Amino acid sequence: MAKILGIDLGTTNSAMAIVEGGVPKILENTEGARTTPSMVAFSKTGERLVGLLAKRQAVTNPKNTIFSVKRLIGRKFSDIEVKRDKALLPYEIKESANGGVDVKINEKWYRPEEISAMILTKLKTDAEAKLGEKIEEAIITVPAYFDDAQRQATKAAGEIAGFSVRRILNEPTAAALAYGLNKKKNEKIVVYDYGGGTFDLSVLEIGDDTIEVRATGGDTHLGGDDFDQKIIQYIAVEFKKESGVDVTRDVLALQRLKETAEKAKHELSTTVETEINIPFITSDASGPRHLLMKFTRAKLEELVGDYLNRSFEITKKVVDDSGFKMQEIDEIVLVGGQTRMPAIVEGIKKLFGKEPNRTINPDEVVALGAAVQGGILQGDVKDVLLLDVTPLSLGIETLGGVMTKIIEKNTTVPVARAQVFSTAADNQTSVEIHVLQGEREMARDNKTLGRFILDGIPPSPRGLPQVEVSFDIDANGILSVKAKDKATNKEQSIRIEASTGLSKDEIEKMKRDAELHAEDDKKKKELVEAKNRADALVYTAEKSLRDAGDKVEQPIKDEVNQKIEALKKLKDAEDISEIKNAETALAQALSKIGEAMYKKPPEDDKGPDVKDTDFKDVDGDKK
Amino acid sequence: MDDDVEIINEGDEETFKDKLKKLKDELKAAKSERDDYLAGWQRAKADFINARKDEERARTEFAKFAAEGILLEMLKVADSLELAGESSGPIYAQLREIFKEHGVVPVESQGKKFNPLEHEALEEKEVLDEKEDNVVAEELQKGWRIYDRILRPAKVKVGVYKNKN
Chain A
1 MAKILGIDLG
11 TTNSAMAIVE
21 GGVPKILENT
31 EGARTTPSMV
41 AFSKTGERLV
51 GLLAKRQAVT
61 NPKNTIFSVK
71 RLIGRKFSDI
81 EVKRDKALLP
91 YEIKESANGG
101 VDVKINEKWY
111 RPEEISAMIL
121 TKLKTDAEAK
131 LGEKIEEAII
141 TVPAYFDDAQ
151 RQATKAAGEI
161 AGFSVRRILN
171 EPTAAALAYG
181 LNKKKNEKIV
191 VYDYGGGTFD
201 LSVLEIGDDT
211 IEVRATGGDT
221 HLGGDDFDQK
231 IIQYIAVEFK
241 KESGVDVTRD
251 VLALQRLKET
261 AEKAKHELST
271 TVETEINIPF
281 ITSDASGPRH
291 LLMKFTRAKL
301 EELVGDYLNR
311 SFEITKKVVD
321 DSGFKMQEID
331 EIVLVGGQTR
341 MPAIVEGIKK
351 LFGKEPNRTI
361 NPDEVVALGA
371 AVQGGILQGD
381 VKDVLLLDVT
391 PLSLGIETLG
401 GVMTKIIEKN
411 TTVPVARAQV
421 FSTAADNQTS
431 VEIHVLQGER
441 EMARDNKTLG
451 RFILDGIPPS
461 PRGLPQVEVS
471 FDIDANGILS
481 VKAKDKATNK
491 EQSIRIEAST
501 GLSKDEIEKM
511 KRDAELHAED
521 DKKKKELVEA
531 KNRADALVYT
541 AEKSLRDAGD
551 KVEQPIKDEV
561 NQKIEALKKL
571 KDAEDISEIK
581 NAETALAQAL
591 SKIGEAMYKK
601 PPEDDKGPDV
611 KDTDFKDVDG
621 DKK
Chain B
1 MDDDVEIINE
11 GDEETFKDKL
21 KKLKDELKAA
31 KSERDDYLAG
41 WQRAKADFIN
51 ARKDEERART
61 EFAKFAAEGI
71 LLEMLKVADS
81 LELAGESSGP
91 IYAQLREIFK
101 EHGVVPVESQ
111 GKKFNPLEHE
121 ALEEKEVLDE
131 KEDNVVAEEL
141 QKGWRIYDRI
151 LRPAKVKVGV
161 YKNKN
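Chains as they are written, first to last, in UniProt numbering: chain A, 1 to 623; chain B, 1 to 165.
To be clear, the hints were calculated from the coordinates, so they are not data collected in a lab. Predicted, not measured: the structure shown is a model, and the values here were computed from it.
Simulated crosslink set (BS3-like; lysine-lysine; CA at most 27 Å straight-line):
#	chain 1	residue 1	chain 2	residue 2
1	B	Lys113	A	Lys63
2	B	Lys64	A	Lys25
3	A	Lys63	B	Lys125
4	A	Lys509	A	Lys522
Using the sequences and the hints given, assemble the complete structure.
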């Protein structure tokens with residue numbers, strides 16, 4: 001069965017995805033990129049260029065390089081939007097016969113649908129090359145505010161490109177689908193989409209079978225590109241102040257500055273300060289000049305503060321339009337590369353009092369959601385096959401009060417994992433299985449899901465019995481924990497419903513706490529492990545002394561006893577290095593027992609004499 | 001106690017036939033559902049195996065182009081050396097050698113016909129000879145290739161012949 005291609009046909013960039021193994025996946029184009037610039041150009045030689053290639057010759061062929069055609073598709077020439085764009089676009093447009101827009105390329109007039117179709121054709125061809133199979137159907141996304149004419153025109157573009165367009169899907173809805181939010185009945189979702197050229201805010205409500213758009217708003221000329229411009233301006237002005245040189249006049253210098261500015265913006269999402277370093281940016285009568293300056297996150301936030309505030313004002317207004325209150329919003333989804341900026345994430349947290357969903361690449365989330373929709377239509381993504389992950393780690397309490405994880409957080413379910421454990425003391429005939437959920441290292445800092453005891457373990461030295469503990473989570477989130485003694489095959493188990501775990505907010509808190517306490521927890525765990533090892537060594541040492549009997553001289557035995565006592569004294573110590581030192585000392589002393597044992601010649605060896613015998617190769621005769 | 005057994009009277013023959021039909025229908029539906037699930041399971045398994053093959057392929061590709069990200073960044077150092085007039089010096093030669101070892105070589109642009117696959121146009125430059133129309137008039141920044149791909153296109157000025165007639 002051919003796959004349905006999910007397409008995010010964006011104003012500046014487009015992306016495509018399909019469902020593979022029940023999971024949506026971005027498809028790269030033939031240039032190896034995960035997004036394709038939404039640009040089409042006709043070169044002077046009449047060659048048609050789409051995507052990156054069109055971008056590379058845009059500067060020298062402005063009249064015949066078409067970009068942002070999404071701003072024109074399905075609109076009337078008399079629309080205010082179109083009039084505004086006409087002034088900004090370097091290529092020619094005019095009113096078509098039926099009141100729409102015509103675009104001029106190389107002396108010919110084209111409908112915007114035909115231009116978009118060229119982009120879609122490239123995506124189709126590249127997808128077919130990547131997958132090695134024909135693609136007949138597609139889901140194409142559009143902004144939630146697109147009217148019927150714009151949707152029809154987008155659909156037509158798909159059909160011109162050779163697709164059967166199964167659905168025209170709203171971009172915010174696609175983003176919600178990518179996060180599986182369609183399962184959260186009656187929830188209210190805000191999608192905050194800050195792209196390269198536009199800002200869109202949508203409020204959605206999840207119904208039983210549908211996702212309804214309750215309100216939309218935005219700014220069609222506000223995007224990440226504006227942020228880049230602010231940075232470039234700032235750096236150019238600062239550099240002019242100190243050098244007297246205007247770098248914007250030199251085309252290569254300006255290009256290098258653009259690239260550096262964009263890179264700096266990205267870096268400041270993860271660091272608070274970065275360096276702008278462009279050696280030999282210009283050369284004049286007084287010699288070559290270098291551009292070197294520090295650029296901080298604080299400065300960046302100051303430069304784009306107005307843009308950020310504008311987006312938050314629009315957000316408040318649109319939520320108000322929807323009739324919902326800010327606190328009523330259950331989920332926020334971030335779309336568009338610009339939302340990687342910490343100031344935006346913080347701003348959203350402040351506005352709504354909760355963490356936004358941003359684990360999926362914001363440049364790709366709409367295309368992935370479109371693919372999910374395709375998968376749902378095809379039955380690829382049966383509700384029953386929409387798999388969850390277990391949000392927190394699951395495990396049991398082990399020696400020293402430590403939590404030993406058996407299933408890591410974010411493992412897809414259904415899943416089964418098992419580990420073999422043993423007893424802590426000699427002749428221990430029962431083990432208590434204390435089932436825990438959480439990320440902290442110490443058992444007491446995590447949530448208890450349940451406890452049970454497995455007894456009837458044959459009395460044996462500690463560490464000898466083998467008890468297999470298995471965790472099994474089924475597709476409904478029900479956890480079964482089983483403990484089985486491998487010697488007797490005796491087993492005991494417990495069943496834990498999904499609801500006995502932590503709520504979503506508690507989960508978030510647990511994760512944050514784990515991060516905050518990571519260092520401390522690690523130290524605590526290391527101390528416990530050191531004590532456990534010391535304990536085991538003491539046990540081994542005492543056993544060795546007993547076994548050695550009088551085969552070992554008293555001085556050695558005294559030394560070992562002394563080191564054993566020294567280590568035992570540290571039972572409640574807090575200093576891990578003290579314990580390690582005492583441990584090493586005991587180990588060294590202990591090895592002297594072995595040395596002593598092996599030095600002694602074997603006494604009274606009354607075994608048989610070992611003689612070389614003649615032997616016949618009995619089988620060798622038979623051939 | 002077998003709950004499924006019902007007391008059947010003679011007058012319930014119709015009921016018996018209905019019950020049988022109902023069970024047959026249920027069995028048919030269950031078999032069809034079973035077939036769907038089996039097919040779905042097989043498809044998922046196949047998808048998984050194919051995904052693994054894809055991963056293997058991607059991994060071998062990755063190994064070859066693993067250093068691509070760093071090499072792309074290092075090109076900026078090469079740019080700086082060129083601008084500093086060091087392109088005939090030993091440091092530049094050292095860098096070129098490292099590039100070569102990883103399949104990175106320069107892209108020819110000067111005097112070549114403008115090709116967006118290899119060149120990025122930054123500016124137009126008016127030329128007086130028609131033969132120089134759409135030909136790279138000046139290379140502003142070197143372009144580089146890695147094995148059979150373009151690592152970074154050359155930044156160029158493209159000649160434009162304006163017919164004055």
